[in-house]
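Make a model of the complete structure from these sequences and hints.
Okay, here's what each chain looks like letter by letter:
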Amino acid sequence: MHNFQVKNVFVGLLPAGGDLLTELERFAAKEGISAADVQIIGFADGATFGYYDDQKHEYIQKRMEGKLEIISAVGNVSIKEGKHFAHLHIVLGDEKGELRGGHLLAETKILVAETRITVLEGDELVRQYDPQTGLWLWR
Amino acid sequence: MHNFQVKNVFVGLLPAGGDLLTELERFAAKEGISAADVQIIGFADGATFGYYDDQKHEYIQKRMEGKLEIISAVGNVSIKEGKHFAHLHIVLGDEKGELRGGHLLAETKILVAETRITVLEGDELVRQYDPQTGLWLWR
Amino acid sequence: MHNFQVKNVFVGLLPAGGDLLTELERFAAKEGISAADVQIIGFADGATFGYYDDQKHEYIQKRMEGKLEIISAVGNVSIKEGKHFAHLHIVLGDEKGELRGGHLLAETKILVAETRITVLEGDELVRQYDPQTGLWLWR
Numbered sequence: 747m748h749n750f751q752v753k754n755v756f757v758g759l760l761p762a763g764g765d766l767l768t769e770l771e772r773f774a775a776k777e778g779i780s781a782a783d784v785q786i787i788g789f790a791d792g793a794t795f796g797y798y799d800d801q802k803h804e805y806i807q808k809r810m811e812g813k814l815e816i817i818s819a820v821g822n823v824s825i826k827e828g829k830h831f832a833h834l835h836i837v838l839g840d841e842k843g844e845l846r847g848g849h850l851l852a853e854t855k856i857l858v859a860e861t862r863i864t865v866l867e868g869d870e871l872v873r874q875y876d877p878q879t880g881l882w883l884w885r
Numbered sequence: 747m748h749n750f751q752v753k754n755v756f757v758g759l760l761p762a763g764g765d766l767l768t769e770l771e772r773f774a775a776k777e778g779i780s781a782a783d784v785q786i787i788g789f790a791d792g793a794t795f796g797y798y799d800d801q802k803h804e805y806i807q808k809r810m811e812g813k814l815e816i817i818s819a820v821g822n823v824s825i826k827e828g829k830h831f832a833h834l835h836i837v838l839g840d841e842k843g844e845l846r847g848g849h850l851l852a853e854t855k856i857l858v859a860e861t862r863i864t865v866l867e868g869d870e871l872v873r874q875y876d877p878q879t880g881l882w883l884w885r
Numbered sequence: 747m748h749n750f751q752v753k754n755v756f757v758g759l760l761p762a763g764g765d766l767l768t769e770l771e772r773f774a775a776k777e778g779i780s781a782a783d784v785q786i787i788g789f790a791d792g793a794t795f796g797y798y799d800d801q802k803h804e805y806i807q808k809r810m811e812g813k814l815e816i817i818s819a820v821g822n823v824s825i826k827e828g829k830h831f832a833h834l835h836i837v838l839g840d841e842k843g844e845l846r847g848g849h850l851l852a853e854t855k856i857l858v859a860e861t862r863i864t865v866l867e868g869d870e871l872v873r874q875y876d877p878q879t880g881l882w883l884w885r
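Protein chains in written order, with the working numbering: chain A, 747 to 885; chain B, 747 to 885; chain C, 747 to 885.
Quick caveat, the hints were computed from the structure, so don't treat them as lab data.
Which copy is meant is left open, so a pair is good if it fits within one copy or across any two.
Straight-line C-alpha distance at most 16 Å; calculated EDC-like pairs for lysine to aspartate or glutamate:
hint : residue 1 : residue 2
1    : Lys842    : Asp800
2    : Lys753    : Glu867
3    : Lys855    : Asp791
See below:
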């Protein structure tokens, strides 16, 4: 486990019309955030997420169309190959209140994204490729 | 994005028997909390939540009866029309482990609500009406 | 409500191959964490969770087999009968993106558990048995 202090907390809206993952990573890059804990609630126009196939070492992509409640998107920001990388798991709700979700992928179009980013400082949080799982895990 | 420091963190039970949203807002008002990040897990007796119809600018209400696990309720506290306003998205679980959820509405009766409120200070987090979406968004 | 300050924040991986609840409690005991807010995303090999039967005062256990996305596991660490006790609610996703979940129980085998533990200090967070609900609630 890595040990951090809370540097500051950003709360606000990510830009409407953008892709959720892209906009979060763009904000992290702009602010130089190399470690953070993230929570988002909001509303999306279409969403893409994945389930990890650990045999093929790839995500099986799922797509939902239409207007969707972003029930939650939770996860973190860390560094992968020198870049600000966001890892989020998303839960989406439809008009019946039924839920689906998985590992957030682009494209997930933001209508509203109320975002809380707790910026952490102190230690390094860097991903490296793990050949056994095929995932980029924190070293 | 608005920039905050963590002032303090409240952890405890909201009053059993009350409505989840109402009790959270009552606590926020009593403590003068104008910006916070919130996470709740617990147990409810009936729950009401909504899916936003962005054509009609209103929430389609859904109701679940019976005893339900509050798998999570996550969101924030900010100021709307001068009042302490909570925006939460809830996930509820039934006896089969099946999940439903959406935008938390009253009435959702608390049996147990283990609540974490991270109180933020520094900036202002104020909602104003957005005619385009029909939602009250942070300015 | 109990009032805390953030002492520090741990972010990292719980040991792969272990049980999720057990490993979290082992870490809490090792670090002397008596109050914390927790969020986990990851990947599991089989999971067990429960729905509380408030008539019988016991959890109805549910079991999912196979590789599962840990969409989220959120909750807290506090003290129960002098021990470091974790209370988490988990949401699991399968290859279809369908979700199930409830109150996390052993056995839930960690493949990857990206864990954020916000350690709190200041007040005490101690559970005691509540005969009315049959639950161990914070006093």
